[in-house]
Amino acid sequence: MKSFTNEEIARLLRQVAAAYTIQNEAKYRFQILAYQKAADSIETSATEIKDLLADNALDDLPGVGASIKNHILELFNTGAVTHFEDVLKNVSPAVFPLLDIPSFGPKKAFKLVDKFNLNDPITVVDDVYKIACEGKIASLEGFGEKSQNDIKRAIDEYKLGKTKSSRMVLAMASEISNTMLTYLRKDKNVLQAFTLGSLRRMKSTIGDVDIAVSSNNPTAVLDHFNSYPYKDRVIERGDITSSIILSGNKQVDLMVLTPEMLGSLLQHFTGSKEHNVALREYALKKGYSLSEKGIKLKDGTLKTFTSEKEFYNFLGLAWIPPELRENQGEIEAALKKTLPTLVEIDDIKGDFHIHSNYAIEPSHDLGKNTMEEMLIRAKELNYEYLGFSEHNPSIGNHTEQEIYEILLKRNKKIDQLRMSNKSVRIINLLEVDILVNGSLALSDRCMELLDMAIVSIHSSFRNPTEEMTTRILKGLSHPKAKILAHPSGRLINSRAPYEVDWKRLFAFAKENNKALEINSWPTRLDLQDILVKQARDYDIKFVINTDSHATSHMDNMPYGISVAKRGWCERKDIINTYSYDKLIDWINQ
DNA sequence: GCCGTTTTCGGCCCGACTGTTTTCAGTCG
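If you count by our numbering, then the first sequence holds residues 1356 to 1944, one letter each, in order.
Keep in mind that a hint or two might mislead.
[Claimed, not checked] Heads up, simulated SDA-like pairs for lysine to any residue below, C-alpha to C-alpha not over 20 angstroms straight-line:
| hint | residue 1 | residue 2 |
| --- | --- | --- |
| 1 | 1927 | 1861 |
| 2 | 1444 | 1471 |
| 3 | 1541 | 1581 |
| 4 | 1723 | 1906 |
| 5 | 1519 | 1481 |
In case anyone wonders, no lab produced these hints; they're calculated from the structure. This one's a predicted model, so the numbers in the text were calculated from it and none came from an experiment.
The task is simple: from the sequences and hints, build the whole structure.
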């Protein structure tokens, strides 16, 4: 039995789709869609295919039917798939690396590889670049001087990091978008301007920044957009859309329509693609054809909408919050009027993951601000309570007795603060390491000094699923351990999540009244949204924490909120929306 | 190749833009 990661399987399925496209796009139109859909589904699955296979649960994945399932089984059994080899045999492997370069699709990549006999996937990008520089591409049928230059530039930018798959963190995309909105609104032709796309849906990572504007003079708005002083260049410019690249290879897309079309424009450009496709298929059955311009009725007339709500309502649906628009059951829920009332930032009454600079001699990093400073910020945020949760004192450098004394001293400090700070109640926590063997880094009598503890993994991330899960459950089983922090350990764009048997963890958390943290740190956002949604089916509790190491970090809470919303969470699912009294009841349960 | 609130067969979103064309092919979201 061989093993493959989800990423490898998805890549393989995309290669098959590309090969079908090259061979005969019209003939294989629906197979191509099916393979791409299956690849998307596998790539975004929080559970590894190998684990689904072991549970015989591959059918749970949408887009994976009998045929592709059998291909995957064959892949794991023999290391290869006969059918895939058949489809791929006439396509050089040198085609595929080109497909991660923006503006390169299967057909263009194949033509270049085929005409110039490029067969080395390692060097193919450089090979194409060289051929373009030598001026050999312009004379090919279907190409010209311009497209030859475009190819050169696309590869230049690719080498600087602009690939189809590169994504930025939410915080950076927000900043780019806000700056752009401020700039756009300076033009009197801009009636209203909005952030759309994955940024409006508050996805954890963002590809391009999408912006929509309503205006009676789109040309003037596009001119203004194209004159943005911090742009590197204009990628494209039409009658209603334009794209520019900013320094750092960040792309901004703009669409401008008249105010009477604003409703459909917002709907269209917010996406996701999957949501829009599903919505359009649903509408089609009612005889409607949807686009950014409005809804085309059976008689061919276009009905326009000034608001997004009217657009959804016309289709018999409740307005769907952007965070839910991922084709994960939201259309059905909107039809049945069973959409959740999502948690909002104003519901938050406290934050439990706060690292002050209190000298606790920890195993990991200390915070930068004093407990007093953190409390002031908490008061400004209108919090009812705040939990201090520095890392436990390092067990390598202290005896158990020394640690006990450090904590006694810290408790005295916290008691003093409780006397002097009546407006914000203080919860006494620590963030305690779960060691490799599953025991906690604090002794039982040390744990007794706390109101509750956050436990988390900070070492040995790469152990097998079973071992990791057992380790976490053991650590979490301590009666004082109430919260599991950053449950998957992922760092966006730098560290893959460790592998956990999520179903087992969720069942355990439900059974033992433990909360899973949604960590608001922009490169963590962990538990990730799709797992939050799955966990919610187990009816378990979450806590949205900032993991702050400075007062300014406490402002990251909205990012955690966005993850909770994308996971369909309501206020009742989140323990730091509880009043202080209710919270204490929960801690003592 | 997938899928089901008219279907287990017969459907499968829709339009913008560019470059190379002279009505279209390819890419993108």
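Do the hints match the structure? See the list:
1. 1927 x 1861: 17 angstroms, holds
2. 1444 x 1471: Between residue 1444 and residue 1471 the Cα gap is close to 18 angstroms, so the pair holds against 20 angstroms.
3. 1541 x 1581: Holds, at about 14 angstroms.
4. 1723 x 1906: With Cα atoms ~8 angstroms apart, residue 1723 and residue 1906 stay inside 20 angstroms; holds.
5. 1519 x 1481: 18 angstroms, holds
When each numbered hint is compared with the structure, no violation occurs for any of them.
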